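Trainee: Listed below are the residues making up each chain.
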Amino acid sequence: MASQVLAQTATNYLTDKQGILSWLLTTDHKRIGLLYTASITGFFFVGGFFAVLMRLHLLTPRGALFGPETYNKLFTMHGIIMVWFFLIPSIPSTLGNFLIPMMIGAKDLAFPKLNLASWYVFMLGGLVTLVALVRGGVDTGWTFYTPFSTTYSTTYVVGAALGIFIAGFSSIMTGINFIATIHRMRAPGLTWFRLPIFIWSHYATSLILVLATPVLAITLLMVGVERIFQVGIFDPALGGDPVLFQHMFWFYSHPAVYVMILPAMAVVSEIIPVFSRRPMFGYTAVAYSSMAIAVVGFLVWGHHLFVAGESVYSALAFSFLSYLVAIPSAIKVFNWTATMVKGSISWDTPMLYAIGFLGLFTIGGMTGLFLAALGVDVHVTDTYFVVAHFHYIMVGGAVMAYLGGVHYWWPKITGKMYPEGLARLSALIVFLGFNLTFFPQFVLGYLGMPRRYAAYPDEFQFLHVLSTAGASILGVGYVLPLCYLIWAWKYGKDAGPNPWRATGLEWQTSSPPPAHNFDVTPIVTGPAYDFEGMKEELNLG
Amino acid sequence: MAEPVISTRSYVFTYLALLALTLITTLLGYLPLGPFSMVVAIAIAAVQACLIAGFFMQGLYEAALVRVVAAAGVVWFLIMATLILTDYITRGWLPFPGK
Amino acid sequence: MADHAASLVREQFRTAEQQRETETLGMWIFLATEVMFFGGLFVAFTVYRMYYPQAFGAGSADMNILLGSINTVVLITSSFTMALAVHSAEVGNRRLLAFLLVATMLLGCVFLGVKLTEYYQHYLDHKMPSVWFEYAGPNASKVQMFFVFYFFMTGLHALHMVVGIGVLLVILARTLARSFSAEYYTPVAMAGLYWSFVDIIWVFLFALFYLQGLHI
Amino acid sequence: MSASSVAAEVDWLFWVLVVVCGTVAVAIACVVIYSAIHYHRRSENELPPPSISNSVRIETAWTVIPFFLFMGMFAWGAKLYFDIERPPDDALEVYVVAKQWMWKTQQLDGAREINQLHVPVGRSVKLLMTSEDVIHSFYVPAFRIKQDVLPGRYTSIWFRATQPGKYHLFCAEYCGTKHSGMIGWIYALDPQQYQHWLQEGAAEGSLASSGEKLFHQFGCANCHHFDGHGRCPNLQGLYHSTVRLAGGSTVLADESYIRRKLFDPRATTVEGYDKNTMPDFSHQIGEDDVIQLIAYIRSLGPQPGSTFPSSPAEPPELYGNQPGIAYPGAPPLQNRTPGIR
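Protein chains in written order, with the working numbering: chain A, 4 to 544; chain B, 30 to 128; chain C, 103 to 318; chain D, 141 to 481.
Just so you know, these hints were derived from the structure itself, not from any lab.
Treat the numbers as computed from the prediction; the structure is a model and nothing was measured.
Accuracy of the hints is not assured; some may be wrong.
[Said to hold, decoys possible] 20 Å max Cα-Cα, derived SDA-like pairs, lysine to any residue:
| id | chain 1 | residue 1 | chain 2 | residue 2 |
| --- | --- | --- | --- | --- |
| 1 | A | Lys116 | C | Glu125 |
| 2 | D | Lys306 | A | Tyr449 |
| 3 | D | Lys318 | A | Tyr155 |
| 4 | D | Lys415 | D | Lys353 |
[Stated by the list, open to error] Negatives, chain C to chain A, calculated, CB over 12 Å:
| id | residue |
| --- | --- |
| 5 | Leu127 |
| 6 | Trp130 |
| 7 | Val145 |
| 8 | Leu169 |
| 9 | Lys217 |
Yeah, the Cβ is synthetic: ideal placement off N, Cα and C, and Gly gets one too.
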């Protein structure tokens, strides 16, 4: 793909400068990516801890551990932390940050200081939210529905909303940075249709970040104003309409789901060709489908409101549009599958995660078709069916892909290989644990178990116990990679510049990369996922 | 040293046009146009916005991409407004409370 | 002169032209996010305006059209001076640039002063929701809602003005420190974009809040 | 056997979706697993021979085929939704008031219950619901129905039980601390048993008679005379008539309208009457009381199609042009032309 392979330089981005300040004041996109990685890992385990407590509590129908107040705070904080402090920044701010400049042959993002600022803003938002949590928590659910959040809740709603409001600016900064970078910083010869799908998907993601996040910010600001000043904006007692809040909230929060899943698709689109040694099947269709998801994804939010009191005709339109947005996702799944056919398929850990993603995302996406069908949605919305559906997308999809991506690029990031056997084992554990946790929840939802219940009728207990058992397995599957990846950073074998024989500019430089990625700006002459070069290399060998 | 893309004359004309439109929209506000008074006011404001964005902000002289970005902001706002208003306008079309 | 320009190209960029284009693009994207930010409020306002036309008309009738239109003229003038400031940066006229920046900031301060006067008048009229609100006519809670949106949106706009004046102060300081030249003036242009955008928001606020109650 | 008239079709659609999606999912899984095993990399230097990686025909096929499948799902789901949302005309009407954290149900014939509702099997039941505080959601899984219950306005849903039995009633929209305790039971009784149950509960008096007491207690009768000579309109025949408002527009006098007149009386004014006469009851009256008053006004004689106070008759379909029901106190849009649906 690139015209030359760089010579190994003496120092890399990790050793270039030393000391804690060199990290805290860095403008290197790779270091900022690692700062984000450390932060979101912390948030992930905090949010995961809440999830474990919830699952343990639900072992018995009356609730095993807490009163309902505590349970309500647990699911709220689990949602807030996982959505805004793990999933939204997860892949874009870590892998995206690290890889986008390298994949397009740039020395850095367009606005390195803005990039660093986004991390500080993110941390400030997280800190404010954690303070709200420590001071007593929030019990509104991550959705902040009015009038409960503005009038009736007695918890720290404003603190939590403020934290999310602040963190939103970090999303906007990241989005602006990515869009400007992808437009203006590409290496000579790197035309749009030579870009890796990773870049296309992150471009689409950034579009959503930039256009949706401000609406969340203003909506939360309105909730804050209504709550602090006790004036009418959404409060029906003062002439407001709580459904308007839901419209504005989901105008952000539905596209936000695509902020989580598009980067996951980006990662999988890199892994599958490399580990099948086949060019991406239907490259153009996959590239365009990312953009289609980003655009059409803005038109479907009303499917969260089918029973909420929106008009039936509006519901009809939103149902139709929701089916449209399923098409580009389907196209991607078909193309990934077709890429594998007749390939040379390796069973390395990243590929195992990618295959797991494929299965779980397919289930998650297809259950979305159930929820888009108006007559069925009436029954299963606001039940565990919905809980299972979005966990299949966000955990089965986004987190699996994130882990796959971390394993795939770990040799590039750290220069070291992780222990393959252990990694395959934990990929398997995550897959099995995940399904055991969440598949029973589809059944629970169909049987009518409403979500956000601290206690439940006896007949649901068996499925809840299964789900809790799965969660404990899943927990092990998440802790294992944390341990061995850190271990590998210190003790792993040297990986070399390109252990997977992957294409893509990021593999043309040393591992870990030098501080400015490339000593000479690469010139691109061919398409992405071009394995023809490997043939010559093999013949020579 | 590159030649400035917009002459001072154009800025002055733009400024005068903006002042004239402000005067017109204020005077039209006194006419009892009913629901159209809002339409007229917003239409004139939109013209003013285009003048400011096109000349003062040099939007007309930037790369096409910049104009696409500006248009995207407006289009996405219209998406939000249209689909939310669709709900409010169609409420009550079925003769049952809350439909 | 060419060396001077080259030293101003940051390391991630290949050329000064690339840097300028990228920064301009970034700024416009930021302004698009601002459109959506204010857009949320505009949509909410429109929904309630559609449902409570009389109440919102009654609220609008309490606006001071004289001060409102004076402020519109002041802000448009400030946008004009700002555009001229960018122009003088383009031609490298530093003294004129500094003068126009000061003029723009002063006009911005006049705007804020007039706005505060209006707020004070609303306070005296007991039209300040949550602080002191009294309304004897029909639909009091909806009239109050009009004022909630009025204070929310104009307040948010005023906050943007304050930020804008702060930005211009920094630009002025850098101008006086001879940081800008005809080769490098991107920060001036960026500040100009922001300032004009805030003006655009006001033009719409003027239409929404002031012009709807004139004939009542 | 399904428990309600719509449940069977909802389940049908659900299982058809399971089969269709399941087939596709299994097919994808088979291809993936087969490829992963059959094309497993044998040596580190293996490079597969190039094959097609782009085919417009294939891409078109797997874009268009899903599209038509999806449109089928959409159409069926939408049809079902309209069945679920549109109550039949002969439905038994039940009023539901939700509050943190209980369900209060009231039937026209008197029975008032907390966290339970007795209904006859085989008869359509229409629920008119509102909330006193936050958003709740009325959910009966066995009946496959759910509708959010909002403060400040009425929403409705209906069902027809087909099997006698005891069914869960859940609150499905998170509403605060004891959300999971806001549950109850729907008892579907044989018609005879239901009659028996009604007679037991009849001692409480009908909803309308309670409403009549309130009508006098709140002093409504002082102005709303039935001879038409009071300072305020005669309420006989008001329910479901078309009211002419000052300014020339009209509104259907349904539950939402009557509720609005109590909570925000000055939002609309009946043509020919003084807008300042009707006091604002929003701080004195609860949602329960409103429902009783509505029941009383209904009992004064529903005369569909008649116009109020008196003018050329207009069909009640005009109701469809009133978006005002979305809000408490929302006035109708000015002079909207009918027929744009």
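Trainee: Against each hint, give a clear statement of whether it holds in the structure.
Mentor: Taking the hints in turn, this is what the structure says about them:
With a CA separation close to 13 Å, the supplied pair lysine 116 of chain A and glutamate 125 of chain C stays within the 20 Å bound. At roughly 18 Å between alpha-carbon atoms, lysine 306 of chain D and tyrosine 449 of chain A fall within 20 Å of each other, so this suggested pair holds. For the proposed pair lysine 318 of chain D and tyrosine 155 of chain A, the alpha carbon gap of about 13 Å is at most 20 Å, so the pair holds. Proposed proximity of lysine 415 of chain D and lysine 353 of chain D is contradicted: the alpha carbons are some 25 Å apart, above 20 Å.
Once the 12 Å rule is applied to beta carbons, leucine 127 of chain C is inconsistent with being away from chain A; the minimum gap is 5 Å. Distance to chain A contradicts tryptophan 130 of chain C as a non-interface residue, since its nearest Cβ pair spans about 9 Å, not more than 12 Å. The non-interface label for valine 145 of chain C is inconsistent with chain A: the shortest C-beta to C-beta separation is roughly 7 Å, within 12 Å. Annotated as non-interface, leucine 169 of chain C keeps its C-beta farther than 12 Å from every C-beta of chain A; the closest such distance is 23 Å.
With 12 Å as the threshold on Cβ separation, the claim that lysine 217 of chain C sits away from chain A holds: the shortest Cβ distance comes to roughly 18 Å.
Of the hints listed earlier, those the structure fails to meet are numbers 4, 5, 6, 7, in rising order.
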